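K.L.:
The primary structure of each chain is shown beneath.
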Amino acid sequence: MATASEERRKAFEREALPHLDAVYRVALRLSGGEAQADDLTQETMLKAYRSWHQYKTGTNVRAWLLTILRHTFINQYRKAKRAGPTVDIGEIESYSIFHDVQEVDPEGAFFKQIVDDEVLRAIDSLPDEFRETLVLSDIEQLTYAEIAEITGVPVGTVKSRLFRARQALQKLLYDYAVEMGYIQEVKK
Amino acid sequence: MSTPEPIDCHEAAERLYEYLDGELTPQMEASVREHLKACAPCFGLSEFEKSFLSFLHARTRARQAPERLKKRIFEQVLFDRGSPENE
Numbered sequence: 003m004a005t006a007s008e009e010r011r012k013a014f015e016r017e018a019l020p021h022l023d024a025v026y027r028v029a030l031r032l033s034g035g036e037a038q039a040d041d042l043t044q045e046t047m048l049k050a051y052r053s054w055h056q057y058k059t060g061t062n063v064r065a066w067l068l069t070i071l072r073h074t075f076i077n078q079y080r081k082a083k084r085a086g087p088t089v090d091i092g093e094i095e096s097y098s099i100f101h102d103v104q105e106v107d108p109e110g111a112f113f114k115q116i117v118d119d120e121v122l123r124a125i126d127s128l129p130d131e132f133r134e135t136l137v138l139s140d141i142e143q144l145t146y147a148e149i150a151e152i153t154g155v156p157v158g159t160v161k162s163r164l165f166r167a168r169q170a171l172q173k174l175l176y177d178y179a180v181e182m183g184y185i186q187e188v189k190k
Numbered sequence: 035m036s037t038p039e040p041i042d043c044h045e046a047a048e049r050l051y052e053y054l055d056g057e058l059t060p061q062m063e064a065s066v067r068e069h070l071k072a073c074a075p076c077f078g079l080s081e082f083e084k085s086f087l088s089f090l091h092a093r094t095r096a097r098q099a100p101e102r103l104k105k106r107i108f109e110q111v112l113f114d115r116g117s118p119e120n121e
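These protein sequences, in sequence, are chains P and X. So the first sequence is numbered by this note's numbering: it starts at 3 and just counts up by one. So the second sequence is numbered by this note's numbering: it starts at 35 and just counts up by one.
Fair warning: there could be bad hints in the mix.
Derived DSSO-like pairs (lysine-lysine); straight-line CA-CA distance at most 30 angstroms [what the hints assert, rightly or not]:
#, chain 1, residue 1, chain 2, residue 2
1, P, LYS161, X, LYS105
2, P, LYS114, P, LYS161
3, P, LYS12, P, LYS49
4, X, LYS84, P, LYS189
5, P, LYS58, P, LYS161
6, P, LYS58, X, LYS84
7, X, LYS84, X, LYS105
8, X, LYS71, P, LYS49
9, P, LYS114, X, LYS84
10, P, LYS12, X, LYS71
11, P, LYS58, P, LYS114
12, P, LYS58, X, LYS105
13, X, LYS71, P, LYS161
14, P, LYS12, P, LYS58
I should point out that these hints are in silico values taken from the structure, not numbers from a laboratory. Please read these numbers as outputs of a predicted model, since none were measured by experiment.
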């Protein structure tokens, strides 16, 4: 007969481990470095495993893991200064780049010339609360309600953060594309 | 089904991300959809934002947890082996 610890291990393997990639991806964007992301992911999975009895079978295990991840990050890692600059989102006008490029590139083909690392670098330069919202939505495709639960804010706040984070990111990527000559800057 | 409540360009733009994310009520979703059908500039904006979001997802999703980390978690979390005091 299986012991209680074997049962727990099997349940954890079956239900939690399939979300390891998601936990790692979010850890990577929150912490900003591979070594830190490794530690943060491991710490998260360890805490989740130890408190597995608190997880209610059939509820949203991914959201539960990401909530643990976020708490772990805030308590242990956020104090460490992140590498690289953070943009001042208040400085970025909240409007779609579409209005600038619609005459020359209405489909936003210039985005496709931007390499993955540059996209990630732009995401990493967003302030914490905007970055985490965008990562949970646009990388992990969580719903507004799930993001609200994980980040502990009302759905309305998720909406407004996501709106501003996406428009800021567009602007950063557009400026980069202009700089690289992927698209000609349209003078307003 | 009743006709969707008409909305203007400003509201359509404001609701666009919620529309693309599938987060609107059926009534509001219908209102945005009808507006986009009838308004070429808003439809253009919507297509642009849709392709931006799918670009973003495609460029960031591929990353997986490295094998060494999977192994480490398997050994150290699930089987509690290989932690420094056991080595």
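K.L.:
If you check each hint against the structure, which ones fail?
P.N.:
Failing hints, ascending: 1, 6, 7, 8, 10, 11.
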